[in-house]
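Novice: So the sequence lines, in the order shown, correspond to chains A and B.
Residue numbering for the first sequence follows this note's numbering, beginning at 1 and increasing consecutively.
Residue numbering for the second sequence follows this note's numbering, beginning at 1 and increasing consecutively.
Fair warning: there could be bad hints in the mix.
The list cannot tell twin chains apart, which means a pair is met if one copy fits it or any two copies do.
Stated by the list, open to error - Calculated pairs, DSBU-like style, for lysine-lysine (alpha carbon to alpha carbon, straight line, at most 35 Å):
no.: 1; residue 1: Lys21; residue 2: Lys31
no.: 2; residue 1: Lys76; residue 2: Lys31
no.: 3; residue 1: Lys138; residue 2: Lys24
Simulated from the structure, these hints should not be mistaken for laboratory data.
2 protein chains.
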Amino acid sequence: MPDSEGNKTLMSYDPDNSFAKILKSELPCIKIYEDSQTLAFMDIMPQADGHVLVVPKESAATIVDLSVDGITACIKVTRRIAIAVQVALNASGVMIVQLNGAAAGQTVPHVHFHVIPRSLDAPLKAHAVTREDPAKLKRLAVL
Amino acid sequence: MPDSEGNKTLMSYDPDNSFAKILKSELPCIKIYEDSQTLAFMDIMPQADGHVLVVPKESAATIVDLSVDGITACIKVTRRIAIAVQVALNASGVMIVQLNGAAAGQTVPHVHFHVIPRSLDAPLKAHAVTREDPAKLKRLAVL
Chain A
1 MPDSEGNKTL MSYDPDNSFA KILKSELPCI KIYEDSQTLA FMDIMPQADG
51 HVLVVPKESA ATIVDLSVDG ITACIKVTRR IAIAVQVALN ASGVMIVQLN
101 GAAAGQTVPH VHFHVIPRSL DAPLKAHAVT REDPAKLKRL AVL
Chain B
1 MPDSEGNKTL MSYDPDNSFA KILKSELPCI KIYEDSQTLA FMDIMPQADG
51 HVLVVPKESA ATIVDLSVDG ITACIKVTRR IAIAVQVALN ASGVMIVQLN
101 GAAAGQTVPH VHFHVIPRSL DAPLKAHAVT REDPAKLKRL AVL
């Protein structure tokens, strides 16, 4: 779809998306990390135990719309979270996934990085399908 | 496996890996972009048309081993490539994937970001399986 300047956009920003609501404290989250530019929290429909999302506070739908400053802040935190989940969960692998546009599988119109711990003996679950027990998410978050 | 300090690492660095050889011009690549810290080139086993890899020049096996400076340089170029492939290929989605450790699907022990254009009508091919016709890669690279 074209934006206001006639350029094609991968996804329009919706200020009422669930991550925007989490940033405004209108929805709860299990917080892992926060600074002036970013927030990291447990994915409530994890693809693996310890699945964390990193979002910028900037209102941008996709990486194409996000400022260089915003993307830099996000990747620094994403790297820190990757190191943390690896250590906390003794993961033998970590996937970082960042999806832009419905065709790429993006479901929430606020740019986000998935940090997904991986092990050879646990298959990856489908993206954004099954809701996890909040108590289990809280246990993983404090590791 | 533990590194020299006894910490667990996700993957050991092999200075003879294929991306290190590309960086030393010991192997060819179809170059998309290069600066003092990064190189971007066509993936020879693409998961979709226009699949590009972004690598740091720093010798690091995974994101855990890469410096903050290195990761910052990589994500800035990754964002530029994502914008470029979206425009060049009229892609309706762009996936960014960064895999760490064999358990996450990493096959080359030099940290790299996948930039994969997506469309709703073309299924994603398996990772690192089928070699593409070099002439087709060159045609896509000049778009």
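Novice: 35 Å Cα cut-off: does Lys76 pair with Lys31 within a copy, between copies, both or neither?
Specialist: both (17 Å within a copy, 26 Å between copies)
Novice: State whether the alpha carbon distance between Lys138 and Lys24 is at most 35 Å within one copy, between copies, both, or neither.
Specialist: within (21 Å within a copy, 46 Å between copies)
Novice: One pair to classify: Lys21 and Lys31, alpha carbons no more than 35 Å apart. Within, between, both, or neither?
Specialist: within (14 Å within a copy, 41 Å between copies)
Comparing the model with each numbered hint stated earlier shows that all of them hold.
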